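There are 2 protein chains.
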Amino acid sequence: MNLKELVYKTRTCRRFEESHHIDLKILEGLIDLARMSASAANRQPLKYLLYNTPDFCERIFPSIAWAGYLKEWPGPLAGERPSAYIVIMGDKSITETYSVDHGIAAQSIMLGATEAGFGGCMIASIKRDLLRDELKIPERFEILLILALGKPVEKIIVDDIKDNDIKYWRDEKQTHHVPKRRLDELILKL
Amino acid sequence: MNLKELVYKTRTCRRFEESHHIDLKILEGLIDLARMSASAANRQPLKYLLYNTPDFCERIFPSIAWAGYLKEWPGPLAGERPSAYIVIMGDKSITETYSVDHGIAAQSIMLGATEAGFGGCMIASIKRDLLRDELKIPERFEILLILALGKPVEKIIVDDIKDNDIKYWRDEKQTHHVPKRRLDELILKL
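Which chain is which? The protein sequence lines are A and B, in order.
What the first sequence shows, in our numbering, is residues -10 to 179, in sequence order.
What the second sequence shows, in our numbering, is residues -10 to 179, in sequence order.
No lab work stands behind these hints, which were simulated from the structure alone.
Because the structure is a prediction, the values reported are computed rather than measured.
We put the CB at the ideal spot given by N, CA and C, even for glycine.
Worth double-checking, as some hints may not be accurate.
Unchecked claim - Computed cross-link-like contacts, EDC-like style, restricted to lysine to aspartate or glutamate with a CA-CA straight-line distance of at most 20 Å:
{"#": "1", "chain 1": "B", "residue 1": "K14", "chain 2": "A", "residue 2": "D160"}
{"#": "2", "chain 1": "A", "residue 1": "K178", "chain 2": "B", "residue 2": "D148"}
{"#": "3", "chain 1": "A", "residue 1": "K169", "chain 2": "B", "residue 2": "D44"}
{"#": "4", "chain 1": "A", "residue 1": "K178", "chain 2": "B", "residue 2": "D44"}
{"#": "5", "chain 1": "A", "residue 1": "K144", "chain 2": "A", "residue 2": "D160"}
Stated by the list, open to error - Chain A is faced by these chain B residues, among others (derived, beta-carbon under 8 Å):
{"#": "6", "residue": "Y(-3)"}
{"#": "7", "residue": "T1"}
{"#": "8", "residue": "I20"}
{"#": "9", "residue": "M25"}
{"#": "10", "residue": "A27"}
{"#": "11", "residue": "Y37"}
{"#": "12", "residue": "L39"}
{"#": "13", "residue": "T42"}
{"#": "14", "residue": "G57"}
{"#": "15", "residue": "L59"}
{"#": "16", "residue": "S88"}
{"#": "17", "residue": "G92"}
{"#": "18", "residue": "A95"}
{"#": "19", "residue": "R170"}
What the hints assert, rightly or not - Rough simulated footprint, nothing fancy, chain B against chain A, three-plus residues with beta-carbon under 8 Å:
{"#": "20", "region": "36 to 48"}
{"#": "21", "region": "138 to 147"}
Bound-form chain A, shown alone (with noise of 0.2 Å):
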């Protein structure tokens, strides 16, 4: 698979297999992957929390607003739920200035998802004292982004955007449809 096969198939997805599970040695993979990736100044901020279990994501489910567009529904049923999260998060002795180290860190992370068969869904609408208190995180740790990430069982498909309107939606056979700008929207000719 090449990168623009890689980034095409990257969609942000949330509804999984749930009893599919994510290994502990592919999540790790993915941490080296944002290892690997670019940190402003390279000061490498950014520290990670790895959960495979049930029990773990059950318990950070709660914490999570799922698609904020769809107000019908309140996220992924049990059993669609996602297998796996990593939590992003600032180290703030390190800087409390994380420019967009996360969103590099982020996408080198779901790239490599796809590619090792699993997809998923950056969140930054978090509830974070909830869980800052369920995981207990010290307050050290700025919490940035969470990824959950899971078997995809979702089907996503990719629309040129029409009257300007981004928000997405699903269609009667529970579809995912997505509105993406076009190329010569954004590359700009002063």
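Given the structure of chain A, go ahead and fit chain B onto it with the hints provided.
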């Protein structure tokens, strides 16, 4: 090349074969990778400027602060400068908060550049007023990152970090050394 090989090969590079032209089609292909990468709430607020001519490269170069830790080095000499630039901007008419969208996009672009045989550097340390003036960038667009691209001529080695010193350095052969934290330092067990 699998993703791990690609990520490992994607080192921040600051010295290039300046005479090596990068075709506009290649740059457009890189933006397509960014286009298909995740965006917070699918807003897709990023816009891009592409430059691949000596004239524009010369005009952009003075807006960039190069390699903060190499105090003696003012940046690449003529002949070793980037032969293309991508300016990543936020379109304030869409949103004024870009989350880590530009980190995600930049990583897709840099991985794509490596796959295409190029390399480069994500730069946030930008003389923004100077750049805005030089390129006539309207106020509507916030300048987020510059990606400097070219055909690498630099040898780069990743070392395990020592004494928590994250500063990259050059040895007597002008090989660039980058200390990276080890995996077991990044993955926390709470």
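**Prompt:** Holds or violated: G92 (chain B) as interface residue toward chain A, Cβ cutoff 8 Å?
**Reply:** It holds, given that the least Cβ distance between G92 (chain B) and chain A is near 2 Å, below 8 Å.
**Prompt:** Are S88 (chain B) and chain A close enough, Cβ to Cβ, to be under 8 Å, as the hint says?
**Reply:** This interface hint holds because 6 Å falls under the 8 Å limit.
**Asked** Are the Cα positions of K169 (chain A) and D44 (chain B) separated by 20 Å at most?
**Response** Violated, because 33 Å separates the two Cα atoms, which is more than 20 Å.
**Asked** Regarding the hint that M25 (chain B) lies at the interface with chain A, is the smallest CB-CB distance below 8 Å?
**Response** At 5 Å from the nearest chain A Cβ, M25 (chain B) passes the 8 Å test, so the hint holds.
**Item:** Y37 (chain B) as chain A interface residue, shortest Cβ-Cβ below 8 Å
**Value:** holds (5 Å)
**Message:** Using C-beta distances, would you say chain B covers the region 138 to 147 of chain A, given that this needs three or more residues below 8 Å?
**Reply:** violated (count 1)
**Message:** Under 8 Å is the threshold here; is the Cβ of A27 (chain B) close enough to any Cβ of chain A for the hint to stand?
**Reply:** holds (6 Å)
**Message:** Restraint: T42 (chain B) near chain A, CB-CB cut 8 Å. Satisfied or not?
**Reply:** Check failed: Cβ of T42 (chain B) comes no nearer than 13 Å to chain A, outside 8 Å.
**Prompt:** Under the criterion of a CB-CB separation shorter than 8 Å, is L39 (chain B) in contact with chain A as hinted?
**Reply:** Check passed: Cβ of L39 (chain B) comes within 6 Å of chain A, closer than 8 Å.
**Request:** Sort out whether D44 (chain B) lies within 20 Å of K178 (chain A), counting only the CA atoms.
**Result:** Given that 20 Å is the threshold and the Cα spacing comes to 16 Å, the pair holds.
**Prompt:** Does the structure keep K178 (chain A) and D148 (chain B) at a Cα separation of 20 Å or less?
**Reply:** Cα-Cα ~41 Å, so violated.
**Prompt:** Does Y(-3) (chain B) pass the interface check with chain A, least Cβ-Cβ distance below 8 Å?
**Reply:** holds (6 Å)
Violated hints, listed in ascending order, are 1, 2, 3, 13, 15, 21; each of the other numbered hints is respected by the structure.
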